[in-house]
Every structure is written in structure tokens, then in C-alpha cells.
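Novice: Sequence:
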Amino acid sequence: MNKARYTQEVPEDRKELLNALNEHKKPVKIMILGGVDTGKTTLATFLANELLSSGFRIAIIDSDIGQKGILPPATISLGFPEGLFESFGEIKAYKHYFVGSITPNQFFGEMIAGVKLLTDEAEKKADIIIIDTTGMISGAGVELKRMKIETVKPDVIVALQKENELEPILKPFEEKTQIFRLEVSKKVRKFSREERREIRKEKWKKYFRDSKSYTVNLNHFIISGTQLFQGEDINENEKSLLEALFKWLIIHGRKIGGKYLIVKVDTSNIPRQVDKNVLQYIDFEKLSNLLLGMIDKDGFCVGLGILKFVNFRDMKAEILTPLDEETIKEIREIRFGRVRVREDGEELGLLDRNAL
1 MNKARYTQEV
11 PEDRKELLNA
21 LNEHKKPVKI
31 MILGGVDTGK
41 TTLATFLANE
51 LLSSGFRIAI
61 IDSDIGQKGI
71 LPPATISLGF
81 PEGLFESFGE
91 IKAYKHYFVG
101 SITPNQFFGE
111 MIAGVKLLTD
121 EAEKKADIII
131 IDTTGMISGA
141 GVELKRMKIE
151 TVKPDVIVAL
161 QKENELEPIL
171 KPFEEKTQIF
181 RLEVSKKVRK
191 FSREERREIR
201 KEKWKKYFRD
211 SKSYTVNLNH
221 FIISGTQLFQ
231 GEDINENEKS
241 LLEALFKWLI
251 IHGRKIGGKY
261 LIVKVDTSNI
271 PRQVDKNVLQ
281 YIDFEKLSNL
291 LLGMIDKDGF
301 CVGLGILKFV
311 NFRDMKAEIL
321 TPLDEETIKE
331 IREIRFGRVR
341 VREDGEELGL
351 LDRNAL
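All residue numbers for the sequence shown refer to UniProt numbering, where the first residue is 1 and numbers rise by one.
All clues given are correct.
Taking lysine-lysine and the PhoX-like style, the derived pairs with C-alpha atoms no more than 20 Å apart in a straight line are:
1. 259 x 276
2. 15 x 25
3. 255 x 239
Label pairs and their calculated CB-CB ranges:
4. 288 x 197: 17 to 25 Å
5. 258 x 288: 24 to 32 Å
6. 313 x 168: 48 to 56 Å
FYI, nobody ran anything at the bench for these hints, they're computed from the structure.
From a predicted model like this one, the values you see are computed outputs, not experimental measurements.
Even for Gly, the Cβ is constructed at its ideal location relative to N, Cα and C.
Given these sequences and hints, build the entire structure.
Specialist: Put into C-alpha cells, the structure is as follows:
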């Protein structure tokens, strides 16, 4: 279920890096960069185990939200391994930050905030902090990595590259940060998109395996990550007009700064022309199986839930989660994600950031 496992059979440049880290002033923050299937997590696992064996306190920040080793996906996780481990999957999470997606696209703010906040937490307890990142390194990924480096300020950047694909990211930091450029191991295995999806399916399934269903009053929580509860309710005249005009059954409607946000069900299969600057809508069924982050008073994610049903009139929601009742009492905020997933691990698709 995990792509990367601990091995001491590594290229020689990994051992040179290890020696440098042993001698480096502590605490030290290490950020590992590389494209998809370049061995970032395998390297992080090797470094963590070897440094643990040398007696250092190690923190792992797993920010590869789509191929997480530390469960669950769609979060950034911090763990403190207490002993040698084979894979990230064995590490118990200390804290999570909820991103709500399995891709960084449209979620740069969450990616940067999550890594920064968890790094700050890690610095309180660890000698060495290893930050594993996503494989998004081109296009907008260059800017994401730049902003993440500028915010987190790692002491060491480890660049796993096949040729020079990371140079646009590395160049601004040449004289500011210690950089180790390593070759991609010839033993690295490539995974297809379908294989990645199947691996993630098993992880979702494992995480939600012992879940229970709870009916919660949404009025008792801060609701974030969505505009569905912002602004004011549309009035009956507006509702009737929109239903007649677009042949919808409107389940829920809000007016936010002069713009309408509608949750609807189609009552007729007709073509519709909608000015999205004035009216935004989403199908009611798209809210079913939507991923939720259960957030504590400090802004960290204590666990995930799956939205099964929402009654907008009574402000009640049915949520499936592995969290127990005592933990749910600690939740201050429910944050809407953009992944639709069932408890059996089957992903039903992603919603656009602006959909809600």
C-alpha cells in the first residue's frame, strides 16, 4: 500500500548527504524536492532511519497529499517516529493540516500554511525535520515550491533530479540555502495514474474502515471552506423566480454580495444559459460523499469525515467518520474539502475550488 520502503542500498551521494546532516548544526530543517517517481519518500525514509540510529529526534512532515504515507490523504501530516520503520505508513500522526484535495492545484495557500504550521510544531520537539513534498515541480509548481521555501526557510534543500528540471526552483536560493543535488536512483519504480489511484483507494478504505455515522447540528460549529452558509438566505420570491426560469428545485440558496449561490436539483432536461458572475450553482448530489476536515481550536485537523447528507432547513448533517464521540466534542470547525470519496475508498471525483 506504500510506494516507498526503507533500504540501505542507496547511491553513494545519499551517504554523503547523511554525513553532512550528522555534522550539521541542530535543529535542522530539510526539504526534499523532486518530480513524480523520483524517490523522495524513499530518501526521506532512509535519512530518517539512519539519523534515528544516530540518536537524533526526527520529525517527518508528509505533504504529498495525493500519495500520503502517513494517513489520511488530502492532509499534510506531522509524525515523530519513535524507532526504525519500514515505511511512512507505520508512523503515527501527531498532527494534521486539512487541505481537502489530492492535488495542490488551486490549494497553494493550504499547502504553504500547512507545511509552515506543522514545521513550527516540529521545531518544538525535533533535532531534524524532514519535509517530503509533492511531485509538482513545473509550471505553477515552480511558484508553489518557491513560496513554500520562502515561508518555511529550510536549512537544507535536497534536489532529486534527472537532468536540470529543478533548477528554476533552486536558482533563487543558491546563495541563501545549502543545496544538495542528487541523482535519481536507477531503482526508482514508475507508477501509472491508475496504480496511484488504487494505492490511494486502499488508504481511504483503511482510514474509514471503522467509521460510524453521526448526525450533527451545524449551528454548533464554525463552517469553513465554503460559501454555502455565507451571506443571507434568498427570499421566497427570488427562489420562485429562479426555479421557474431555470426549471430547478432549489434546495438551498444564498445571496452573497449581490451574487446568488444555489444548491439545486434539475426538474427538466433543458439547455440553460447562466451568467456565472451573477449566479453560481451546484447539484445537490455533488455534496454527497464530500470530504470534510474536522478542525480543533488550534486550526489543526483531528480527523476526516464524509458528508452523507445535509438538511439545510434544519442545519443538520449526517457525517461518517472514524472519530469517537469524545474527539468529536473537541471539534470547533467543520471545513469543506473538494474530494468526493466513499468509505470503501472509491473516489467519485474532484470539485473545482470555486464550486462551493
